[in-house]
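A.B. asks: Single-letter residue listing:
Number of protein chains: 2
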Amino acid sequence: MTTQAFDFTPLLAPNPPAPAERYAGFPKYNFVGGHNDPEHLPLDELIAAATAVLKREGRTLATYGLNSGPLGYRPLRAFLTQKLQGHAGITCSPDEILLTSGSLQGLDLVNALLLSRGDTVLVERDNYGGTLSRLARLGVNAIGIPLDEGGMRMDALAAALDDCKRRGVRPKYIYTIPTVQNPTGTILDEARRAELLKLSHAHGVPIFEDECYSDLIWDGRRPPALYAMANGQGVIHIGSFSKSVAPALRVGYVVAPWNVLARILALKTDAGSGALEQMLLAEYCTAHFAAHVPKLNRGLRAKLETLMEALAEHFGTAAEFTDPPGGIFLWVKLPDQVDTQKLAQVALAEGVAINPGPEWSLDKERGKRRLRLCFANPTKEEIRQGVAALAHICHREFGVPARIANVARQA
Amino acid sequence: MTTQAFDFTPLLAPNPPAPAERYAGFPKYNFVGGHNDPEHLPLDELIAAATAVLKREGRTLATYGLNSGPLGYRPLRAFLTQKLQGHAGITCSPDEILLTSGSLQGLDLVNALLLSRGDTVLVERDNYGGTLSRLARLGVNAIGIPLDEGGMRMDALAAALDDCKRRGVRPKYIYTIPTVQNPTGTILDEARRAELLKLSHAHGVPIFEDECYSDLIWDGRRPPALYAMANGQGVIHIGSFSKSVAPALRVGYVVAPWNVLARILALKTDAGSGALEQMLLAEYCTAHFAAHVPKLNRGLRAKLETLMEALAEHFGTAAEFTDPPGGIFLWVKLPDQVDTQKLAQVALAEGVAINPGPEWSLDKERGKRRLRLCFANPTKEEIRQGVAALAHICHREFGVPARIANVARQA
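Protein chains in written order, with this note's numbering: chain Y, 1 to 411; chain A, 1001 to 1411.
Quick caveat, the hints were computed from the structure, so don't treat them as lab data.
From the three backbone atoms N, C-alpha and C, an ideal C-beta is built for every residue, glycine too.
Any given hint might turn out to be false.
Subject to a maximum C-alpha distance of 25 Å in a straight line, what follows is the list of computed BS3-like cross-link-like pairs (lysine-lysine) [claimed, not checked]: (1) A/Lys1083 - A/Lys1295; (2) Y/Lys55 - A/Lys1364; (3) Y/Lys28 - Y/Lys342; (4) A/Lys1364 - A/Lys1342; (5) A/Lys1295 - Y/Lys55; (6) A/Lys1368 - A/Lys1342; (7) Y/Lys198 - Y/Lys165; (8) A/Lys1368 - A/Lys1083; (9) A/Lys1055 - Y/Lys295.
For each label pair, taking beta carbons as the anchor points, the in silico distance ranges come out as [stated by the list, open to error]: (10) A/Gln1082 - Y/Glu365: 25 to 33 Å; (11) Y/Pro14 - A/Pro1019: 27 to 35 Å; (12) Y/Pro19 - A/Gly1139: 24 to 32 Å; (13) A/Gly1204 - Y/Gly399: 38 to 46 Å; (14) A/Ala1291 - Y/Ser116: 27 to 35 Å; (15) A/Asn1067 - Y/Arg59: 49 to 57 Å; (16) A/Ser1116 - Y/Lys295: 48 to 56 Å.
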């Protein structure tokens, strides 16, 4: 048969993304991605849970949807109703929860439900890169709302909504990560949440609440979810087990009243998300989740402290940041002469991976001097060495930080 | 806060599908869906595999993509290179395999790579319902190519390609399930495969080869994959572990040369498919897959025989079908007065689930008298009882079958 090369290029759908690069392995100092701390992965309990649930119900894996139907494994949805009640104040039934392949599938489903090319949405100006890139791919106009140390600024949101109204535009949603915002780490307090709901209601613009980091709070204290405060009306809520148990398991969820969830479920045409991972999580979480999360958080807090100390040591006052109340990342501002997009490229070639601010903000100019450092996966020693290496590269490329531990740097 | 009901209707993206129905539980006699035989699920080996792989590598679950990067768990890709070589004659490297959340994600990714509204594709006329509904949702013009007992008819394909050429249309792909076609169960022989590749080449139209059923062949004999015969040029190949091990695990794969796979991977923005299920399958399959599949096939063949006997007994000559060489479904033709869409509705209300032909064929008129019966999941006793119940309902609604075991039916 023919072995002549076939060129797919003329057949591609319009505006294809750039082809993926070949995987080059894990960077030596990895400060990107939502990876978690392997030491705090509860491996023995997960093995015991897998064995127990497979012995008891393993044969149901022969059935799409197990015995639970397309919303996903019912015992995990039952666990979630309790967790969401206790943790976020959300009252919902298992039939108002859809289990998804990570919260990213939830993001895609909600976008598929509501968005089409040319639509407008309101989002926090500094934001999760995956949300921003999705909106760009969909051809949606994302208006960035600035944040301060209390999260999304309500005066700015009100002004943006008024402006949309003047222009006759009804935004499709207000997307927010209110509880440990990505990348700023802020938590929106209850008063601002109430104000946000009032604005949402007044303008008829629903809220898309992404809580994938909300388990990771040092003191465990948080305001009720927007979904809870609105009694589930006009809010779609998503969450994940990626950050609290294990990212590679890819189990997330969408919470919405049934009439909305039924429309989302109709768009989920994947014959169900991975069932074993749902079974494993239900078995594990029912027994251990409540005890696991504080332990994980203590470990994360300790790594954050290592990171902040290393930044103080190697960058001095050149690195500005706020000590976040939780999460797995730090949003760092460097001096004006730094271009973090360029820094990220150079650093990656030398084994240090960072998220450059322009990929994590709608304000590219502002993002240029900012970067996101994820601290859950590297060891404390890797954090120290990685920050030292980054400071060295940054000084070489941009002249800052000028000093290290009170000693002037040599280029 | 407000608890006023929020109406999402005016905000929905255009042409939303109908909302999902609430899950009503598993039907008593379930002849639909790709469910498998719970008795042939290799549970003990799966438990052992899960335990072994978690003990050895479980901590890597703290990392998106494990240590393997975005193509998926490398040992499973390594297993697949061997399986695909031995089984389908495909020579490929692990870096030409992308692990997906079921082969359905593969279907979606290839569609995202190539299709946009108004495009034309060529597909087997009787076809997997999920493929037909996807193409309809995408606004793609699917031209159905008739099949005979040898699979897709090459004279009809040649005519359709010529017709497209005359109209100045370059179809985006020829989609085929060549090895145990869904729903007809046919296997395209090697001569037709060669002809298909010749036509594909002559018209510059690539082939999209879906092999999700190709492990389920009673005598294990099959022609090489189209991908193999074309040396991977102009063919994208997808497959699955759903039919051979367990559907609820949701692990499938795409095989393509790297320059094509890199474009597909760029569209896979889900932070990886479920890793534990990939780890489990790699561990299990490397040791047991080759021995497992023939056992599974013997069990499926026995159920098919029960189904064919029950049809002969309860429908007599009213049910026409060809004894398929493999698979988990039978494509059955009933007399002209039957409307299987209506039959499916009435039967479902009485606990018998079947796939009506119009959902499984582009030719709705032809489909009206046909139905698909999946036989892997029900027990033999359920198959017998379910077919008896279906015959009873069909007789009541449409007057056929008129007789049962030589006795005239009472309405």
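A.B. asks: Determine for every hint whether it applies to the structure shown.
C.D. replies: Consistency of the hints with the structure:
At roughly 17 Å between alpha-carbon atoms, lysine 1083 of chain A and lysine 1295 of chain A fall within 25 Å of each other, so this suggested pair holds. With a C-alpha separation of about 45 Å, the suggested pair lysine 55 of chain Y and lysine 1364 of chain A falls outside the 25 Å cut-off, and the hint is violated. Our distance criterion of 25 Å between C-alpha atoms is met by lysine 28 of chain Y and lysine 342 of chain Y, whose separation comes to about 19 Å. At roughly 13 Å between alpha-carbon atoms, lysine 1364 of chain A and lysine 1342 of chain A fall within 25 Å of each other, so this suggested pair holds.
Between lysine 1295 of chain A and lysine 55 of chain Y the CA atoms are separated by roughly 21 Å; this keeps the pair inside 25 Å, and the hint holds. Note on lysine 1368 of chain A and lysine 1342 of chain A: the hinted pairing holds, with a Cα-Cα distance of about 9 Å set against a maximum of 25 Å. As the CA atoms of lysine 198 of chain Y and lysine 165 of chain Y are separated by approximately 16 Å, the hinted pair is consistent with the 25 Å bound. The hinted pair formed by lysine 1368 of chain A and lysine 1083 of chain A fails the criterion: a straight-line CA distance of about 39 Å is larger than 25 Å.
Only pairs whose Cα atoms come within 25 Å are accepted, and lysine 1055 of chain A paired with lysine 295 of chain Y is accepted, the gap being roughly 21 Å. Taking 25 to 33 Å as the suggested C-beta distance range, the pair glutamine 1082 of chain A and glutamate 365 of chain Y does not conform, at roughly 52 Å. For the pair proline 14 of chain Y and proline 1019 of chain A, the beta carbons lie near 30 Å from each other, so the given range of 27 to 35 Å is met. Between proline 19 of chain Y and glycine 1139 of chain A the beta carbon distance is about 26 Å. The supplied range of 24 to 32 Å therefore holds.
Evaluation of the 38 to 46 Å hint for glycine 1204 of chain A and glycine 399 of chain Y yields a failure: the beta carbon distance comes to about 55 Å. Checked against the given bound of 27 to 35 Å, the beta carbons of alanine 1291 of chain A and serine 116 of chain Y, roughly 50 Å apart, lie outside it. Remark: the range hint 49 to 57 Å for asparagine 1067 of chain A to arginine 59 of chain Y is contradicted by a beta-carbon distance near 31 Å. Hint check: serine 1116 of chain A to lysine 295 of chain Y, Cβ distance near 49 Å, so the stated range 48 to 56 Å holds.
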